[in-house]
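Engineer: Chains as they are written, first to last, in my numbering: chain H, 1 to 386; chain S, 1 to 294.
No lab work stands behind these hints, which were simulated from the structure alone.
For every residue, glycine included, the Cβ atom is placed at its ideal position computed from N, Cα and C.
A hint or two may mislead.
[Claimed, not checked] Residues from chain S shown here face chain H by an in silico Cβ test under 8 Å; the list is partial:
hint	residue
1	Cys136
2	Thr248
3	Ile262
Residues per chain are reported as follows:
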Amino acid sequence: MAVKIEKLRLRPYPFGPGMKLIWVLGAFGLAVAVYRWFVGLGPTTNLTDGRGWGIWISFDMMSGIGLAAGAFTVAAVVYIFNLEKFHGIVRPSILTGFISYILAAFTLLVDLGQPQRIWHLLIYHNIHSPLFEIGWCVMLYTTVLALEFSPVVFDALGMKAPVKILRAITIPLIIAGITLSTLHQSTLGTMLTILPYRIHPLWYSPLFPFYFFLTAVAAGMAMTVFESYHSARTYGYPFELKLVSSLTKYVPYVLGLYLVVRMTELFVTGNIRLLLANGAPAVLFIIEIIGGVLIPILFFADPKTRNDQDGITWAAFFTMGGLILNRMNASLIFMEGALYFPSLWELAVSIGLTCLGIIMYDAAVRILPILPETKKSRLVQDYKQL
Amino acid sequence: MPVSRRDFLKMAGLGLVGSGLPATPLKQIARNVTTDNAASMLYDATKCVGCRACQVACKQRSGLPAEPDAQGLYETPRDLSANTWTMIKLAKENSEISFVKNQCMHCLEPACVSVCPVVALEKLESGPVIYHPERCIGCRYCMAACPFGIPKSQWEENLPLIQKCDFCADRLAKGEAPACGEACPTGALIYGTRGEMLGKAHARLASDKNYIQDVYGESEVGGTSMLYIAGVGFDALGFPRLKDDPLTAITWPYMKAVPAVIAVMASLSTAIYFRTHRDKGKQNGEEASDGSKD
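Extracted from the complex, chain S is given alone in its bound form:
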């Protein structure tokens, strides 16, 4: 979206709307030791042959049902859904074609986690953004807030839950690789720490100029755990163009200000009350002539 939030905040800083709100934009999140050690995956679109072994492995591990075609012959999901947490899509840019794998990006500063009113989504320090289905109230704010459109709802259920890739958090905890990464036969999808993955990604970009010279996910919305390098543009692969500021940097200054708003509004109202009721008798006399109807 072409709004320059930073520019606008500068303007706000000029005093148009007063001081304090919204707060100054956060500094671009610096890579630090914690995120460098967190779990991460690198998907190299140039190495992917579209075999969908990752897709099958994901369904096997999570026990999700197949989404068959009309004849019930093929497993043919059209898009991510409550029952399909990852899938390979084909993208075209002019004459170039490329596969692309979709799944939750496991943001470093996840919008879904910040908006969930009941803490049903949680960012683990080890990397995954996981879901606590027993807490979810089904408000679907996470679906609205996710810039990648990842969380999906079980629309056909009477009491629907949110579904999305959980980065095989249970497997990671046991020291195993995520199911999709383990299944990849070509090395297009590799798993490691975020520091390692970024190192490898940049090494590959430097060694081969046919790559688009950018690692998608390195800094978008504050960085994601899933990193992408490709031979065709990321627009063509269906990725949104996102700025580096985490989305939570927009809402948090407002949420942080809640106690201040309470203090200001309560004391302001009280002050005005005492000010206007100081000379009660006189004012009532004035108001009465104004024609109170009852």
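Next comes chain H alone, as it looks inside the complex:
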């Protein structure tokens, strides 16, 4: 029977085979993470002295945080640029961002050699270190996201006073979120600028901070398409085509600027000639630029594709894949070091944490008023059937 406390929607949980698999993978990943804390990094990872960072840094941290940029982008569009029509995608975007940052912080605790000392960031300050800045920004921004997200919870519980206070500070919070995101999204790039001798010249750039920021903003906007696709597919909502297509029409400007600057840089430094050399770098560079930048620009720029449900979904997948491939190429595949392929344990944690993200998102959507309660929604229909 459905229990309804205020606006909380406690309903029986439809437990399909897909969701069962996600729960199993999530639980396994979590168990491996705990196992890693007991035995250390040596027995669980393929990391060595010649390869100190692996898939947890490149995928879970670098890519995960990049994809979470949708939270601040959408918040800026709605609250700062006052484009109220996008209000409906604010809650899912902030939820996605919040979950992504929780997962990134958790990954960090799995990857750090001394996770119990993470709080040292609070007492030892090295303003020269990009990682110090990222650490602080992520801590502060996760707090901001928690505050931005909390009105949904208070509202659902029928608590009016906290909601009132939070509403009053919404705009300062949003501005803090934009500032902190600009900082750490770009600083993830700054982090790699100190490796000119290790990162392949097709990727290494002193302009990494600009590139990381621009691609994160583009991928963040693409994530809203993915969220809309997801709530349509999983929860039976109408696909918000008009909305996401109107938001993502800005993607070609952002990615276009990125493409022009990056290609200009390669021509100016002459490193473009490396494309003529055979081998993996040239191939992956071309895949990344065409698949992850050029195709998204063309798809999002073309009104026909953008206003087509399949077209815009594919465009979003290409954009997100482009960001992930870029971060993997720059910080792992073409970073000089010992030969490395993630161990099964490392893969289990990366996959498991992604599954935990899905579980958290799903639980939040089912329990809290994230998406509007409509009759067509499968959230309601599922309950009726049960």
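Assemble chain S onto chain H, guided by the hints.
Structural biologist: Here is chain S on its own, set in the frame of chain H:
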């Protein structure tokens, strides 16, 4: 790496990406009184006989365990590791052979120190780059950032720390020579101030044309405390080709700009907010017809 950062920064200066970032490259660090007086070592590969007395002395002083071979008979480290802070390697260039000693270079502008988020690595004015294990969070950024690949992690430990040569900072403080330098029987490894070592290195290069006419470490990545002269090329000895700009010169302009970014982004957002909310009623009317779904 063949990217010419300087050229690219010039291009950036043309206004492609706007003014201010990245900042102009730092001037090549000039030798100054402080670095001339700091502790330094000169390794002359032509005088090294590969006896590994330095290696043994290092383990004795630091109390690090041996890394034995499979039979447990010989101490045979293959490379620097958490338990081996210095080692002698054999290098070949065509028919020429040469020994080379590896250990932390104790850069004058150390990348590891600049990237450590919790100040666990520190550059002492007296020369050594030392490690504060009680602060380390184990992020391994130092391992990634070091152009010489020196910091190593204790991979088999549950709570691993970083390990690397500390230039016998405790001995230096007492006025003693580093353990490895004291142990060297042939004078291949000598210890003194950086000014003295550079003087000796250049005197040797001038007196014997068989030396490669270059002092490795004099200017690489802003200069290092450990200086090398050799009879075979430094490439063959396994040293990376590095430019003279310190690596910190790339990141610092960005890090320095953090307060400016905060100021710009916060005020820009605020300005746009007030601009877009000036005529709120009118805009809401427009947007409503655009079809807001809830």
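Engineer: Hints first: check each against the structure and report whether it holds.
Structural biologist: Verification of the hints:
1. Cys136: It holds, given that the least Cβ distance between cysteine 136 of chain S and chain H is near 6 Å, below 8 Å.
2. Thr248: For threonine 248 of chain S, the interface hint holds, since the closest Cβ of chain H sits about 7 Å away, which is under 8 Å.
3. Ile262: Since the shortest Cβ distance to chain H is 6 Å, the answer is holds.
The structure shown violates none of the earlier numbered hints.
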